[in-house]
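K.L.:
Now for the letters of each chain:
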Amino acid sequence: MMLGAAHADLLDLFLHFLTLSLLSIGGAISTAPDMHRYLVGERHWLSDTEFTSSIALAQAAPGPNILFVAVLGWNVAGLSGAFAAMAGIMLPSTTLVLAATRWARRNKDSLGVRAFSAGMAPLTLGLMLATGWLLAEPYLRLPAHRHATLALIAGTVLLTLKTRISLVWMVLAGGVLGALGWV
Amino acid sequence: MSAPAMEPLAAVQRPASLWALYLAFNRLALQGFGGVLAVAQRELVERLGWMTREEFVETLAIAQVLPGPNVVNLSLMIGDRYFGVRGAFAALAGMLALPSLLVLSMAALYGSVARHPVVNDALRGMGAVSAGLILATGLKLLPAVRRNPMGRTLAALLAMATVGAVVWLRLPLPWLVLLLGGLGMAAAWRGLNQGPGKA
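Just so you know, the protein sequences line up as chains A and B, in that order. Everything in the first sequence is counted per the working numbering, starting at 1 for the first residue and increasing by one. Everything in the second sequence is counted per the working numbering, starting at 1001 for the first residue and increasing by one.
Since the hints were made in silico from the structure, they are not lab data. Ideal Cβ positions, reconstructed from N, Cα and C, are used throughout, including at glycine. Zero decoy hints are in this set.
Listed next, the stretches of chain B that the computed footprint assigns to chain A, with coverage defined by at least 3 CB atoms under 8 Å from CB atoms of chain A:
#1 1076–1090
#2 1103–1110
#3 1140–1153
Generate coordinates for the entire structure from the input sequences, incorporating the hints supplied.
P.N.:
Listed below in structure tokens is the structure:
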């Protein structure tokens, strides 16, 4: 933790995340290695453990995963650090997204835009399936848990496809099953 | 016939106000443990009916290739579509305001994450369910490419190739967009040129 954070340091934090924003294609997590290099290696504002647990905390909490950036900033300099880091990572990408979505909407009947969104649609679905696979894989590598985890994933898929049970209940049920040692 | 009593199939609802937009995104963000995408599909397409399955996939396709988290980009795009910049920020605020307060309070309370074995076990169970949710969402949305101008066979092959490229080759997203995306766009372009209006 950077005690009594100087304004210059906050500005530096903000500017660094500002430069990462437009590189964060596929989500801010893709720039995490550079955040690590900057916060842990170069500035020594966070320890290795603090960095890793910031990401773990944000992933355990509800909300978009981008909030790990807020937690990193918080661990560097409290509330103003969280604000500086989030503003930096959000500002350029938000501006670009707004400009791009308006441009695409104005030209939504043009062949180029239609070919783009139709051409990308199969990739979008493929990416979703791949993400599910990549999330599941580490759990399936643990021999003690493999079968129960596989059953839990299959059950989740079935319940999601066949029922309208609230997704949040399913996630919480998974947490309870895990805590009880059943999975 | 002044009051259509039939179940609306294509008739898409829309947010009544900025506040409704804020609440909807707040609600879906707070339900998103281990990823918001599955909840976003459930809420926006199935519960609220603000988008069709096809619109969801196509908006997500654009949100995905732009920098920034795809669900955050999705919220900006949907908000902007209904209420312009104010809508974009209402949706963004819904997505981030309360969840960041929550995660920062957790950070303040724990300092760093409590590393109890029970917490680890619970997180593993939650992680497995999150994986199942995103798989199921992908499967549920597959029919959205049935009417894709490139043809359903090619679309299905391209989706499978994407899974392979990500899971086995670990191809980074920019390459994926350039290679498979380029192929998809070329095929869609060709399909659109050949038969306008042909499903």
